[in-house]
Structures are given as C-alpha cells and as structure tokens.
Amino acid sequence: MALTSQLRAALVHIHAGSSAAGLRSASSSSPQQQNPALIESTEEFVFVERLIAPSRIPDPPKHAGPAPSGWTPPAETPPPLPYMIRRSRMHNIPVYTDLTHGNRKMTLVRKVEGDIWALEKDVKQFLQELTGKDMPTQVNEVTMTLKIKGHFDQELKSWLSSKGF
Amino acid sequence: MSFPKKPGGKALDVLQNLPRITLANLRPEPGARKRERRRGRGQHGGNRSGRGHKGERQRGTRPRLGFEGGQTPFYLAIPKYGFNEGHSRRPQYQPLSLKRLQYLIDLGRVDPTQPIDLTQLVNARGVTIQPLKRDYGVQLVDEGSDIFAAKINIEVQRASEGAIAAVERNGGVITTSFYDPISIEILIRPVPFFMRGQPIPKRMLPGEDMVPYYTSAENRGYLADPDKIQQARLALAQKYGYVLPDISRDELYHMLAMRKDVRQVFFGLSPGWVVNMAERKILKPTDEKLLKYYTS
Numbered sequence: 001m002a003l004t005s006q007l008r009a010a011l012v013h014i015h016a017g018s019s020a021a022g023l024r025s026a027s028s029s030s031p032q033q034q035n036p037a038l039i040e041s042t043e044e045f046v047f048v049e050r051l052i053a054p055s056r057i058p059d060p061p062k063h064a065g066p067a068p069s070g071w072t073p074p075a076e077t078p079p080p081l082p083y084m085i086r087r088s089r090m091h092n093i094p095v096y097t098d099l100t101h102g103n104r105k106m107t108l109v110r111k112v113e114g115d116i117w118a119l120e121k122d123v124k125q126f127l128q129e130l131t132g133k134d135m136p137t138q139v140n141e142v143t144m145t146l147k148i149k150g151h152f153d154q155e156l157k158s159w160l161s162s163k164g165f
Numbered sequence: 001m002s003f004p005k006k007p008g009g010k011a012l013d014v015l016q017n018l019p020r021i022t023l024a025n026l027r028p029e030p031g032a033r034k035r036e037r038r039r040g041r042g043q044h045g046g047n048r049s050g051r052g053h054k055g056e057r058q059r060g061t062r063p064r065l066g067f068e069g070g071q072t073p074f075y076l077a078i079p080k081y082g083f084n085e086g087h088s089r090r091p092q093y094q095p096l097s098l099k100r101l102q103y104l105i106d107l108g109r110v111d112p113t114q115p116i117d118l119t120q121l122v123n124a125r126g127v128t129i130q131p132l133k134r135d136y137g138v139q140l141v142d143e144g145s146d147i148f149a150a151k152i153n154i155e156v157q158r159a160s161e162g163a164i165a166a167v168e169r170n171g172g173v174i175t176t177s178f179y180d181p182i183s184i185e186i187l188i189r190p191v192p193f194f195m196r197g198q199p200i201p202k203r204m205l206p207g208e209d210m211v212p213y214y215t216s217a218e219n220r221g222y223l224a225d226p227d228k229i230q231q232a233r234l235a236l237a238q239k240y241g242y243v244l245p246d247i248s249r250d251e252l253y254h255m256l257a258m259r260k261d262v263r264q265v266f267f268g269l270s271p272g273w274v275v276n277m278a279e280r281k282i283l284k285p286t287d288e289k290l291l292k293y294y295t296s
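Heads up: the sequence lines are chains A and B, in that order.
Just so you know, we're using the working numbering here: the first sequence kicks off at 1 and counts up by one.
Just so you know, we're using the working numbering here: the second sequence kicks off at 1 and counts up by one.
For reference, chain B alone in the conformation it holds in the complex (with noise of 0.2 Å):
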C-alpha cells in the first residue's frame, strides 16, 4: 500500500547514467516539427502563392461574408422573431437529476434524514444557482428514476412527473414552493446574510402567471389544497403502476410531514428574526404592528 515516492522512477536513472544533456543531445520526436509552407517561395510555395487564377481571389477584392452576388442574402431574407425576446425575464430552474441525487445520498453529503432543502443541495455542493442569472431555484428532472431508491422529504421549486413518481414510489414526500430572488439569495448563502444583521425577510408569493403552478396538487404545489394532493398520488401511482406505501405508518413520518409555512424561508425560523452568530442568539421583535406584519 505504502508505496515510497521515488520521483522520476526510469528518466531519473537514465538522467543519472548516460551522458549530460546539452542543446546538441536533444532532438525532437521524428514527425513532431513539420515545416511550414512559405508562400512565394520554391516550386510548391510559389508561382501563384496558393490564391488561384485570376478574378476576386487572386487579387483580394471578395466581397463581405454572407453577400450573394446581388440576391438578398439568407441572413436578410429570413423575417425577424423574437425567441430570445425578454430572455433576460425568464425564470430559469438549474435540473437536478435524481441519479445526481442517489449519488450525493450515497456519498454522504446529503441527509435523508432530515428535510431536504435547497440550502442542504448547495452546502453540499449538489447543485450551483446563481440566482443574478435569473435562477429561481432547482428543478427535479427524472433522468435516474429507475435507478432511484431513497426515502427522502425534498423541496424544489419545479419537478416532472416521472421524478415526483420515483421520490414517492419510495415513500418520499415531494413539494414544489416558490422563491422570490431575494429569498433564494438568503437561501443559498444563509450565513453571510445573518451576519449583515437584518431581520429575516418574509417569502413572498408568486407572480400571476406561477400561481396556477403552485396551486395545482399534480405539480405538488405549496399552496394546493392537502385532500387534493393525497389523491394526485393516489392517481399518479395508479398511472405509474406502483404501490403508493402509506407513509403515516414510517418511523420517520414526523420528519416527512415537515413543511415550511408560506412565508417562511427556512425550517425553525420565522420572518422578522435576527440572527446573532457572535453570540449564538436569536432575537425576536415584541412589537405589535411587526409582529402582524410579519405573520401577515
């Protein structure tokens, strides 16, 4: 096992034996330098230089790149449309397959024993979300669903349908919530916003345009109704052909059930707390109308 390092192993023997290297015993690889062509030289470099006869090619004057000889280029004939348009708007979700997922499980770096958050994905460096390029959070794809063999609680902000299958085909909860950018900011990088002292913000709601997303029970919304859900699953595990296990019975059905409130952004805090890291404190506000805008 303990191998002793011997630095340069056979070149430092033959370092050591044969005769000192100087610029007149090196040589390059034979088929390693290949000399260049030099134009206007020779009987292969010369005569016409390697531009052809006569016309724009010889004498340099092509036209710009794309022009057809007078036609409308393709790059004018073809109408504008705007697939880029409003790029810069767009929520983006970094994916999270659930093989990258089994494999942070097995090696360690993420707990299923505890709820699964996307502060736990990003301390163990499972995912990278940069939330100044428009990222709201992970999104679970199901590439590894055969594969996939953990009970876990996970929260993400978006997940297809095979991969709410797969976590609850082995008796894992499923939750898609919705971040706001200064959430998943705080979210990422909890510590260095406790250290700036400033209470902790509430969650807002999503915009108009998510909050049929996040009410829906087949998505597994925050904001869908609980009956509902229980039956999206029931209807899932019928349309995957699996038995949906009944997690009331598990041991660890506490930690299941665990789910953040609406406006909160993480587990055990509420808004309107500071955090001192100094001294390892929390403090809360005591005044009226903060502590009803806070739980409002």
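Here chain A stands alone, though its shape is the one from the complex (with noise of 0.2 Å):
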C-alpha cells in the first residue's frame, strides 16, 4: 500500500519538475538526461525474491513431539531393529493404499532396508493383534517392498512412528 503512495509522490515530483511532456523513448533510455523515461532500483527486489519457488524440499522445523497437524518426526537414533523404513522426500511415512480392478484392496510398505522377512513378521503379527485374522502378505525382496491385502495404512503408519521410524 506504501508502494502506491511512493508512485503518487513520482507523479507529483513530475509536476513540479522542469520541462514539460517527458521524452517518450520507448524502453531504458540514458539516466543522464533531463527527464529519464525509467527510474531503476534494486530496493525493493527483495520483494521478488520472495516470490521465486525454492527449487530443494526444505527440511521441517524442530517439534517436541507429533506436530499440531498429526506429523511426527523421526526419531533421532534410528530404533535397533533389523530393519530400517525411510522416509519419503516429503518427510512422511512410505505405506500407500492402492486399488486395482475397483474391488482390490492392497497396502504398500516401500523404502525398506535390512531384514525384510523381520519386518514381515513383525507386521503379520500386528495384523493378527489388530483384526485377529492372518493377512495375506507379499514380500518383494528385490524392490524391498511389503504388500498386504486390504487397507491398513492408518494403523500402520500410527504404529511405525511410535516405533520411531
């Protein structure tokens, strides 16, 4: 709003100024001159660096704890399992929901590293815990990748933060 006024005070310095009706030049003519078509500043570029998209995912500030939104940090040592589960490039946990042929319900557990078969025990065990019936479960060790049949990510997402992960 301030800026405004700036261009207000431009246009009544114009008034008081010297000659009349400016030179027209059409682009950047010579600051030297009487009457400048264009002033130029580097001020207020400030402002137009603001306005450029960081161009890296930046790193999320410190939180004691689950964030106001849900999101939990990892925790700062690794927890000591045979297994390790990374975080996505956003910051989140890697389980998916996916949904094939309308009716087919699968979870994904990506980014897995270490003892894969630890990890499948571990969660069939949760599973069991959770629904008491044995979910299928499908290992893939060369993309280090978990699916399970049916939808669990909530609860697998809830309980791989309060492992740490």
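Rather than coming from a laboratory, the hints here were simulated on the basis of the structure.
Among the clues, some could well be false.
Restricting the straight-line Cα-Cα distance to at most 30 Å, the calculated cross-link-like pairs of lysine-lysine (DSBU-like) are [said to hold, decoys possible]:
{"#": "1", "chain 1": "B", "residue 1": "K99", "chain 2": "A", "residue 2": "K157"}
{"#": "2", "chain 1": "A", "residue 1": "K133", "chain 2": "A", "residue 2": "K157"}
{"#": "3", "chain 1": "B", "residue 1": "K10", "chain 2": "A", "residue 2": "K111"}
{"#": "4", "chain 1": "A", "residue 1": "K149", "chain 2": "B", "residue 2": "K10"}
{"#": "5", "chain 1": "B", "residue 1": "K10", "chain 2": "A", "residue 2": "K147"}
{"#": "6", "chain 1": "A", "residue 1": "K149", "chain 2": "B", "residue 2": "K99"}
{"#": "7", "chain 1": "B", "residue 1": "K281", "chain 2": "B", "residue 2": "K292"}
{"#": "8", "chain 1": "A", "residue 1": "K105", "chain 2": "A", "residue 2": "K62"}
{"#": "9", "chain 1": "B", "residue 1": "K99", "chain 2": "B", "residue 2": "K260"}
{"#": "10", "chain 1": "B", "residue 1": "K10", "chain 2": "A", "residue 2": "K133"}
{"#": "11", "chain 1": "A", "residue 1": "K163", "chain 2": "B", "residue 2": "K10"}
{"#": "12", "chain 1": "A", "residue 1": "K147", "chain 2": "B", "residue 2": "K34"}
{"#": "13", "chain 1": "A", "residue 1": "K163", "chain 2": "A", "residue 2": "K121"}
Build the complex: two chains, separate frames, hints provided.
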C-alpha cells in the first residue's frame, strides 16, 4: 500500500519538475538526460526474491513430539531393529494404499532396508492382534517392498511412527 | 542404521543354490490360471452356448439401450433442465483445508512469519491452481479447524465462516480478495511473467456479482470498511465462543497488518514496474500519464 503512494509522490514530483512532456523513448533511456523515461532501483528486489519458488524441499523445523497437524518427526536415533524404513522425500512414512480392478485393496510399505522378513513377521503379528485374522502378505526382495491385502495404512503409519521410524 | 544393500536376499540364494531355471522348471501358482470357457464346445460351453432359449436374446436382435418396448423411455420422459448450463463460465475455487495448511506450516513449506499469499501456497506446492479451468483462486475450508494452531496473515479468495473463526481464534488475520484471471496467472507463476519483460498489470476490480461478497465485513472482504471488519471479528468471536486475542499488542503486528493495495498484485511491487531478473533490477516508469493510469 505504501508503494502506490510512492508512485503518487513520483507523479507530484514530475508535475513540479522543470520540463513538460517527458521524452518518449521506448525502453530504458540513458539516465543522464533531464527527464529519464525510467528509474532503475534495486531496493525492492527483495520482494521479487520472495516470489521465487524454492527448488529444494525444505527440512521440517524441530518439533518436540507430534505437530498440531498429526505429523510426527522421525526419532533422532533409529530404533534397534533388524530393519529400517526411511522417510519419503516429503518426510512422511512410506505406507500407501492401492486399489486395482475396483475392489482389490492393498497396502504397500516401501523404502525398507535390512531384514525385510523380520518386518513381515512383525507386521503379520501386529495385524493378527489388530484384526484377529492372518492377512496375506507379499515380500518383494528386489524392490524391498511389502504388500498386504486390505487397507491398513492409518494403523501401520501410527504403528511405525510409534516405533520411531 | 546403514544396512548393506543385498539385492534379492533369499531369492538370490535360491537362484544360486537350486538347479538352473529353465522353461521346464517354471509353473504358475495353482489357481492363478483358469481355463476359459470356449463357447460351442463340450457339455457346458455347447448346446445353447450361453445365449438362453429362443427370442431376441438368442437371436441377437435386441433393441437399443434405453428402449422400453414402446413406452416413452426414462431418458426422454424426464424434461431437460440446465444443471450444467454455463458451467464453463462459473468461477471455481480450489479448496484448501485448515488441516492441510497446518501440515504445510508444520513441515516448514509455508512460512507463518511472512504474509501468506496464493504465490506462497503454490510455491510450497500446497495447492494447484489451473487458471485455464476457470479457477479464480483458493478457498479456505474449515476441515481441521479444531486442530489448527498457527498465527498467520493469510489472503485467500473465499473463506468459510468456520475457517475465518479458526484463523482469528489463534490471533491471525484473514482477508478475502479478488484476482482477475490474468492476475491469477501472474500470481501463480511470477518468474515466467517477469521473464516476459512486461510491466506488472494493475489488478482489476471484481465484477458486479462479486462486489457484494468482497464489500461485506462478514467475509473479511478487501473492499470492506475496516471498522465494520473489527465489529465482525468481535461478533464472530461471540458466535463461536472464543476470546478474540488483541493483535495490536503482538510483536508480529506489523506483519499481520500488511495488506495489499486494491490494485496491487504482489507485495512490495507496484503495478507498472518492470522486473529485470537477469540484472536483478526494477525499472519504474516516470511518464505522467503512465503513473496516472497505474495509480488510478
């Protein structure tokens, strides 16, 4: 708001200035002339820099415990388990749901490192306690992913974040 | 933490220790492949071949879809009504829930110590605006208003009452303002616009149908009276049952009070200026008529 008043101040200055009908050169004329067609300035470039999008994903600020939106940061030291689940690029837990053929529900756990069979055993035990049923799972050792039949993404996310991943 | 990458694991051990895999050793999982029923062959596929008994069903001469034997079909009996008439002329607003906004602030993608603009939201990849699909901006939706806990100065294009209450309850400031489609295009992609070398245009005022929305204090419109806005803030606090925090005592009051001028598209940059990205300079016009136009 203050800057349109700056423009108005410039208008007043032109009125009070000496020569009438400024020169109409198309683009930047030399500032040495009496009435320059343009004023160059670098002070307000700060505002332009604010508009440029960042090219890297910023690191999340430090939170003590879960953030108001429900996002929990990973533990400082990874838990002492034979497997590790890395966070995604956007600092979230890599558990995703999948729906194929309109009715085939699956849950996918990605970015697993270490002993994936131990993770499969723990996940099966957790789901056994949760549902009382034995959920079919598929381990892919090449891509190091774990697929589970059914949608369990919320439960698995909270379980993994409680473990400290 | 750092596990050595052993691709394959047990599958690789199996591959190395068992005999060579050939076509003779491979077999699909039992139950994975089921033989198809070939029509016109055998006890179950033959005889009438799944076509039924006589009539149009077996002979394949059924009428078109929707035909009801001569009775006026459903799709002709119901009269036309212009539900979707003029759909391409209706302004759309991409919803932004308070839950998502809180998530963006928590992950550091949106800075709450600076005024939050549509540019900031798009740069943080919080929303995606498509101006060519008649998007006129973003609307704040009150999903997640109970977990919202951030003090921000936010400017959106539409906001629900619950969202306004949630923002003001935490000591923030919310404004609704109008951007015409050209301004929206420039706002969401400022750098390609600056590379064009054109002067920043002045933002147009809303059309007749949107003026009541943006001049009313209940919607915190940018054209509304500031005193009425203060009254509306108090009224909303009474309605939703919270104490309105006094923002004039806040240390970020200067930032919270920052608002764009009616004709301004970017914070800090006036219409009429040309931005030179290569030399990091701003060129301002000095011609009287141009200044008069851009300040009108």
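For each hint, the structure was consulted:
no. : hint            : verdict
1   : K99/B - K157/A  : holds (18 Å)
2   : K133/A - K157/A : holds (19 Å)
3   : K10/B - K111/A  : holds (18 Å)
4   : K149/A - K10/B  : holds (22 Å)
5   : K10/B - K147/A  : holds (17 Å)
6   : K149/A - K99/B  : holds (29 Å)
7   : K281/B - K292/B : holds (23 Å)
8   : K105/A - K62/A  : violated (35 Å)
9   : K99/B - K260/B  : holds (26 Å)
10  : K10/B - K133/A  : holds (26 Å)
11  : K163/A - K10/B  : holds (26 Å)
12  : K147/A - K34/B  : holds (24 Å)
13  : K163/A - K121/A : holds (15 Å)
Consistency with the previously given hints fails for number 8 only.
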